[in-house]
Amino acid sequence: MKNKIILISLLFVFIVGCVGVSSTGLFGTGVSVALDPRSIGTQIDDSVMQKNIIARLIIKNKSYLLSIKTKVLDGKIFLTGKVDDPEEKLQITKLAWETKGARSVKNDIKIKEDFNFKQSAKDLLIKKLRPLTIK
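Letter by letter, the sequence shown follows residues -8 to 126 in the numbering used here.
Worth double-checking, as some hints may not be accurate.
Said to hold, decoys possible - Now the in silico label distances, taken between C-beta atoms and shown as ranges:
(1) R29 x K(-7): 34 to 40 Å
(2) W88 x R29: 40 to 46 Å
(3) Q82 x K118: 44 to 50 Å
(4) A46 x M(-8): 17 to 23 Å
(5) K60 x L26: 18 to 24 Å
(6) K97 x I(-1): 18 to 24 Å
(7) L116 x S95: 41 to 47 Å
Stated by the list, open to error - With a straight-line cut-off of 16 Å between C-alpha atoms, the simulated EDC-like cross-links for lysine to aspartate or glutamate are:
(8) K51 x D27
(9) K53 x E79
(10) K60 x D27
(11) K97 x D114
(12) K51 x D36
(13) K97 x D37
(14) K42 x E78
(15) K101 x D76
(16) K85 x D99
(17) K62 x D37
(18) K101 x D65
(19) K67 x D99
(20) K62 x D105
(21) K67 x D36
(22) K103 x D65
(23) K103 x E79
The set of hints was computed from the structure by calculation and includes no laboratory data.
This structure is a prediction, so every number in the text was calculated from the model and none was measured.
Every residue gets a Cβ at the ideal spot worked out from N, C-alpha and C, and that includes glycine.
Using the sequences and the hints given, assemble the complete structure.
This is how it looks when you write it as structure tokens:
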């Protein structure tokens, strides 16, 4: 009897361990794949494209790993995040367009602004003194 309990416990641990650590979605990878209206081939292509873009971004500049986010849906690439200057934004857009299978690129990357205390104080003052307008 004791051996059966140990065997069942080990079997349970083994089966639960097969689920995987990188499950995504609310109920896991299998469910999110099943609920996605895209075909499995399209999902795989999008995933490969996304990994390719991320790898190329990291090769270009390691800081892009944290500052730039990518999403690929049906070959359409969506980029978000912040960069230091407009040249970087253009380079990232070009890099995304060079990805095999890219149908379109939506670049929502913002340029970081330098913080200037004097200008911020002026902006705040103007905002406070501006009369309210009712439309």
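Hint-by-hint comparison with the structure:
Hint check: R29 to K(-7), Cβ distance near 50 Å, so the stated range 34 to 40 Å is violated. Checked against the hint of 40 to 46 Å, the C-beta distance between W88 and R29 comes to roughly 22 Å, which is inconsistent with it. Restraint check, Q82 to K118: a C-beta distance of roughly 35 Å breaks the suggested window 44 to 50 Å. Between A46 and M(-8) the beta carbons are some 54 Å apart, a value that contradicts the proposed interval 17 to 23 Å.
Separation of K60 from L26 is about 22 Å and conforms to the stated range, judged on CB atoms against 18 to 24 Å. Checked against the given bound of 18 to 24 Å, the beta carbons of K97 and I(-1), roughly 52 Å apart, lie outside it. Taking the beta carbon of each, L116 and S95 are about 43 Å apart, inside 41 to 47 Å as hinted. For the given pair, K51 sits about 32 Å from D27 by alpha-carbon distance, which is inconsistent with the 16 Å threshold.
About 13 Å separates the Cα atoms of K53 and E79, which keeps this hinted pair within 16 Å; it holds. Taken as a hint, the K60 and D27 pair is broken in the structure, with Cα atoms around 21 Å apart against an allowance of 16 Å. With a C-alpha separation of about 31 Å, the suggested pairing of K97 with D114 is violated against the 16 Å cut-off. Between K51 and D36 the alpha-carbon distance is near 23 Å, which puts this suggested pair outside the 16 Å criterion.
A threshold of 16 Å between alpha carbons decides the hint, and for K97 with D37 the separation of about 15 Å falls inside it, so the pair holds. A threshold of 16 Å between alpha carbons decides the hint, and for K42 with E78 the separation of about 23 Å lies outside it, so the pair is violated. For the suggested pair K101 and D76, the alpha carbons sit about 9 Å apart, so the restraint of at most 16 Å is met. Taking the CA atoms of K85 and D99, the gap is near 14 Å; set against the 16 Å cutoff, the hint holds.
The suggested pairing of K62 with D37 holds, with an alpha-carbon distance near 9 Å, which does not exceed 16 Å. A distance of roughly 24 Å separates the Cα atoms of K101 and D65; the hinted pair therefore is violated under the 16 Å criterion. Between K67 and D99 the alpha-carbon distance is near 13 Å, which keeps this suggested pair within the 16 Å criterion. Taken as a hint, the K62 and D105 pair is broken in the structure, with Cα atoms around 28 Å apart against an allowance of 16 Å.
A hinted pair counts as satisfied when its Cα atoms are at most 16 Å apart, and K67 with D36 qualifies at roughly 11 Å. Pair hint K103 plus D65 does not hold up; C-alpha atoms about 30 Å apart against a cutoff of 16 Å. Our distance criterion of 16 Å between C-alpha atoms is met by K103 and E79, whose separation comes to about 11 Å.
When the structure is compared with the earlier hints, violations turn up for hints 1, 2, 3, 4, 6, 8, 10, 11, 12, 14, 18, 20, 22 and for no others.
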